[in-house]
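A.B. asks: With the sequences and hints as input, model every part of the structure.
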Amino acid sequence: MANQDISFAQINDDVVRSLVVTGRKYYITLAISILVTFTCFVGPWFYQLRYGIGAAGMNHPTVWGTYLASFIFWIGLSHSGTLLSAVLHLTNSEWRKAMYRSAEAMTLFSVMVAAMMVMVHVGRPWFVHWAVPYPNQMEMWPNFRSPLMFDVMAITTYMTGSIIFIYMGTIPDFAAVRDRTTGWRHHMYVLLSLGWRGTDTEWNRLHWAYTFLAVLIVPLAVSVHSIVSWDFALSVVPALHQTIFAPYFVVGAIYSGTAGIVTVMFVLRKYMKFEHLITKLHFDNLGKLLLVMSLLWTYINMVELFTGWYSESSEEYEALNFRLFGFYGPLYWEMILFCALAPLLLISKRFRTSFVPMLILSIVINIGMYTERFLIVATSLPRQYLPDAWGMYVPSLVEIAIMVGSFGMFTTLFLVFVKIFPSISLYEVKETLPEPQPKPQADSGAP
Amino acid sequence: MSFIDTLRSRWQEYRRPGYYENFDYAWTMTIDLDSCTGCGACVTACQAENNIPLVGEEELARGREMHWIRIERYWEGEFPNAKLNFIPMLCQHCDAAPCETVCPVSATYHNQDGLNAQVYNRCVGTRSCAVYCPYEVRYFNYYNHEWPSPLDQQLNPDVTVREKGVMEKCTFCIQRIRQAKDAAKDDGRRRVLDGEVQPACVQTCASQAMVFGNRNDSQSEVFKSMNDPRAYHVLEEVNTAPSVVYLKKVEVNG
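Protein sequence lines, in the order shown, are assigned to chains P and B.
All the letters of the first sequence, read from the start, carry residue numbers 1 to 447 under our numbering.
All the letters of the second sequence, read from the start, carry residue numbers 1001 to 1254 under our numbering.
For the record, the hints were derived by calculation from the structure and aren't laboratory data.
C-beta atoms are modelled at their ideal positions from N, C-alpha and C, and glycine is treated no differently.
You can take every hint at face value.
Here are a few chain B residues that sit away from chain P, every Cβ distance over 10 Å (derived from the structure):
#  : residue
1  : Ser1002
2  : Gly1077
3  : Phe1079
4  : Asn1111
5  : Leu1151
6  : Pro1157
7  : Val1159
8  : Val1161
9  : Leu1193
10 : Thr1204
11 : Gln1208
12 : Lys1224
13 : Pro1229
14 : Tyr1232
15 : Val1252
Chain B side only, calculated, beta carbon under 10 Å to chain P, not exhaustive:
#  : residue
16 : Gly1063
17 : Arg1138
18 : Asn1141
19 : Tyr1143
20 : Leu1235
C.D. replies: Written out as structure tokens, the structure is:
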């Protein structure tokens, strides 16, 4: 819910301003993020394509590395947006309405970045389409037993669903913006709004379809991350083949995704000047959600350790020992500090409603969650069954650069998004406000 | 028996590891650890036969060695009473192979001879098979490897040279098996005779610790060898049904 004393007209003014008026800061940020994308992502990736995966630090026992960790991280970040938006829509949560558009955009772009990480990860990305079932002259199908193949299907479905969901919810807003802009923007919004006129039939159909999609998206989102976890859990690698992995990944995904939403909300509020639309209430509610997720996450982590210990098999012991006290042990405890202990601050309402501490906490949580994904890969694979094949894995410069570059790519996509999509839902925010009193002179043409 | 029961029993029969008994061949290897001296001749022979690249000192230090068969060393005890054990480790050609289920493009599959085959042209390099393999015997081509002259002159023309981004592993010298089958066909025989085909490692083994053959043939050397009371599988608890059988070392006390 936005501030109650804001008028309908002002919402339109604010959002249209955010699309049309572009400050210098925006261009500088955009330039920097494009630069980072090219120098840290495109360049090193080209180098790696040219010379082979050897440019990364992976070796014989540890054939998966930070690329896969980044992939899980981005898929995880993608989780909250559409899932949260859909769940909150179905439960009629009013406070969702000011923030869901940007949350869904976050979903969309992190799924895209995650898809790019797959391309970076595989040895011959020019043949990646073989994992998709399509009729071909070779008469070859993908392997339908493979969790990686499930992954391809789940992620493409989720991405398609998310695109339709965010686009459909924006159509009335495109129409509103169409009526307020001129020049090429006007033409673009004419196309994007699909001739929306705002008749009763149209609104009725929109609401029906929107709720339908929301119902569809929720199980889809849960399935995507369960399937990502099966990439690991269906193996026989000690410390990876655990039945807890599917809920573990789903909870972790919602956790890091919610933290991501907090970060994005803060930035939008500050730099797009949406102070009266995104309020303390949103941060308070997201903070509560984060607290619940952090407790769940901590619980699942304890279960994971417990099952490893309870299995009483030497290889599980060794893998857990390596994770907790081995070379990457300090990172493990950092993860516990960042993701299990620090979020306990959220118990205090004063903390939840203060913006800068929430921003810092959300970033800290996501650093911890990246660490978690890294540790899953980098501490399980070096300690498998045969001690002779034990090894050690340290990421190379190329890997670190690509990791940084993926953040640049995400930022670039998001910056382009805020200039094309109305980043606050105009019509739904208005539903949460009291009816404006008619004044003779104030008429800004709200749809 | 009802229709459903018939269907179920047929399915179980089909899915049973070892259903390759119904085919002509089920290639199997036994390795007698009592005879193995750990000399490493099999490693070299394999390297020469299968065009396995020499990765060089730097890459070896980074843990990117390429040995389709390797000698694993395990030390027991401290210096004065130290004991060295070795075990040659190669692709176990599991009948229930974890690597085969995970490949999204079916680049690795089980052929009708019970071999775990790898199709280099189909591989996209997700490396998930190497993660799923509990024996760690799959090797990835991190680069396009080069054979400095005159080494390029001794490349085996019967074996593909793999490009970067492709997974590779022991094939039980499938090129030799194919040649033996062709020869048998030319002679008008249905099956390859026992001892007609040997992978490079078996052929080279000085102490004759390795035996290779068809376990569907109850007269074969390998069949006798694998029914030795000392026979066991490595990592039996993972339930992969391997085709490589090890014969336990006999401990002499005192």
